[in-house]
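J.: The residues making up each chain are set out below.
Number of protein chains: 2
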Amino acid sequence: MSKWIYLNNQFLPEEKACLHVSDLSIQRGYGIFDFFKIIDNKPAFLEDHLNRFYQSAKQMQLPVLKKREELVSIIYTLVEKNDLSHSGIRITLTGGYSSDNYTLAEPNLILSQHLFPFTTKEIFEKGIKLITYTHQRQLPQVKSIDYAMAIWLQSLIKEKGADDVLYHTNEVITECPRANFFIVTKDGKLITPVNNILKGITRMKVLELAASNHKVEEQPITIDDIKNAREAFITSSTKRVLPVWQIDDCIIGEKGINPVSSHLYKQLLNLEKSHLLQIAE
Amino acid sequence: MSKWIYLNNQFLPEEKACLHVSDLSIQRGYGIFDFFKIIDNKPAFLEDHLNRFYQSAKQMQLPVLKKREELVSIIYTLVEKNDLSHSGIRITLTGGYSSDNYTLAEPNLILSQHLFPFTTKEIFEKGIKLITYTHQRQLPQVKSIDYAMAIWLQSLIKEKGADDVLYHTNEVITECPRANFFIVTKDGKLITPVNNILKGITRMKVLELAASNHKVEEQPITIDDIKNAREAFITSSTKRVLPVWQIDDCIIGEKGINPVSSHLYKQLLNLEKSHLLQIAE
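Which chain is which? The protein sequence lines are A and B, in order.
For what it's worth, my numbering labels the leading residue of the first sequence as 1, then goes sequentially.
For what it's worth, my numbering labels the leading residue of the second sequence as 1001, then goes sequentially.
Only chain A is shown next, with the shape it has when bound in the complex (with noise of 0.2 Å):
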């Protein structure tokens, strides 16, 4: 049986879920989303990804039409219907039907529901390699749908034999397209980027988990930090926490140990499951 997705003020199949061409994100890659998890049929960090969705749509100008309860229930009632256990809900809002191709019209808003594959400890055990790349987002601090030069890279990431691109400006890092960017120092400090990125919910919470354990400092992080770097890891909603080998030329640490990121792991995972015991059934 087909998917249904919300569309405005429709649930529809899936293969009617369609906008018109006028729509700003394909006349003008115009739009913004946020994307959280769906675990047992539970939205992971709800409250956090609609805040931030509230914001992203505040900042890019694009009014959300619906309240924040009646955005909770419709996407409760996309649960129900499609029954996908394990998967992740994306919330997309774009600058709509535009008379001229160009000004800003009412939004469209698209909820659907995406089979995806979260990092599992044999994920965790594999690792990535990642490439780094030229490239600073605009708006960084807002969730966009401008991805335009992390699908046009995907060719070269697969051409490298690496898993995803690393953004950097000068050698400083900020993230990679979907994730964002930790190093563990020699001296056992964990340090990520704080400027000109997306600050995801995971970069939050593991943030707010290693801050008993470790000192953590936002900061800039240069590529010459990490070669000396003792670990590497990103985070994303889908990627929890996510050992890197390899940069570029640059193997960091001893493959296979990952003791600060490993423990996070476990750490997120425990969060997660906590916080997913609070929501009623």
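Quick caveat, the hints were computed from the structure, so don't treat them as lab data.
Residues of chain A clear of chain B, computed beta-carbon distances all greater than 12 Å:
(1) 42
(2) 72
(3) 118
(4) 162
(5) 188
(6) 204
(7) 212
(8) 218
(9) 219
(10) 222
(11) 225
(12) 255
(13) 274
Listed next, the stretches of chain B that the computed footprint assigns to chain A, with coverage defined by at least 3 CB atoms under 8 Å from CB atoms of chain A:
(14) 1016-1022
(15) 1141-1147
No residue lacks a Cβ here, since even glycine has one placed at the ideal position from N, Cα and C.
Following the hints, complete the assembly by docking chain B onto the known chain A.
T.: Coordinates of chain B only, in the frame set by chain A:
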């Protein structure tokens, strides 16, 4: 009666031209386009625009599944069906319906026709005011659909009583979102940026036209250069040649005195006319 839009292999009534929400333009802002004028039902400088369209597609790793002669035939059929004597045609090519919302798929091809205000003598004489803003378009040599910054800046442009924005990086000018930028120096030289810009078709025509009367240089322009300029103007298919009277708080030259851009505007109109006359009825 409704206009016609061409979508993939069909001519559709405008209101039926929709893309599924899984398209990578909606999901990730990924796509390219080109835009050319239709005058007396004839396409202006079509060969140049098609050259650029195929070039943009190639650079963005988007296969165009129509041969050039097929595309030309579709354009002429669209012109005949719509009969919008003075208008513009936009060819859009998107990242396609992606199964994972990230990987490029078979592109969707859209041809739509729009009524558009071209620059006339009255608009030319009014001229425009620009504000400057620090921004560098990503993949600038590609006519991508990424206008997120331009759309986002519309409210600031309005607030400042301006008509458009001029992008720069560290005071080195690049372009307007939809137009190229020129100055005429005190000693009569015509200068336009060449790096990190989209090379407009009208820009190319103006450079060719100007070469016989002026010293022409494609080189960086700084904000200081603008302050000392005698004239400034922008070029684009719809704007043709359009004088800029003011940039931020700086008045350019003497308002209403613009012999160079005035002459180039007339030359461009003549070139357009003779070009269109060469197209068989």
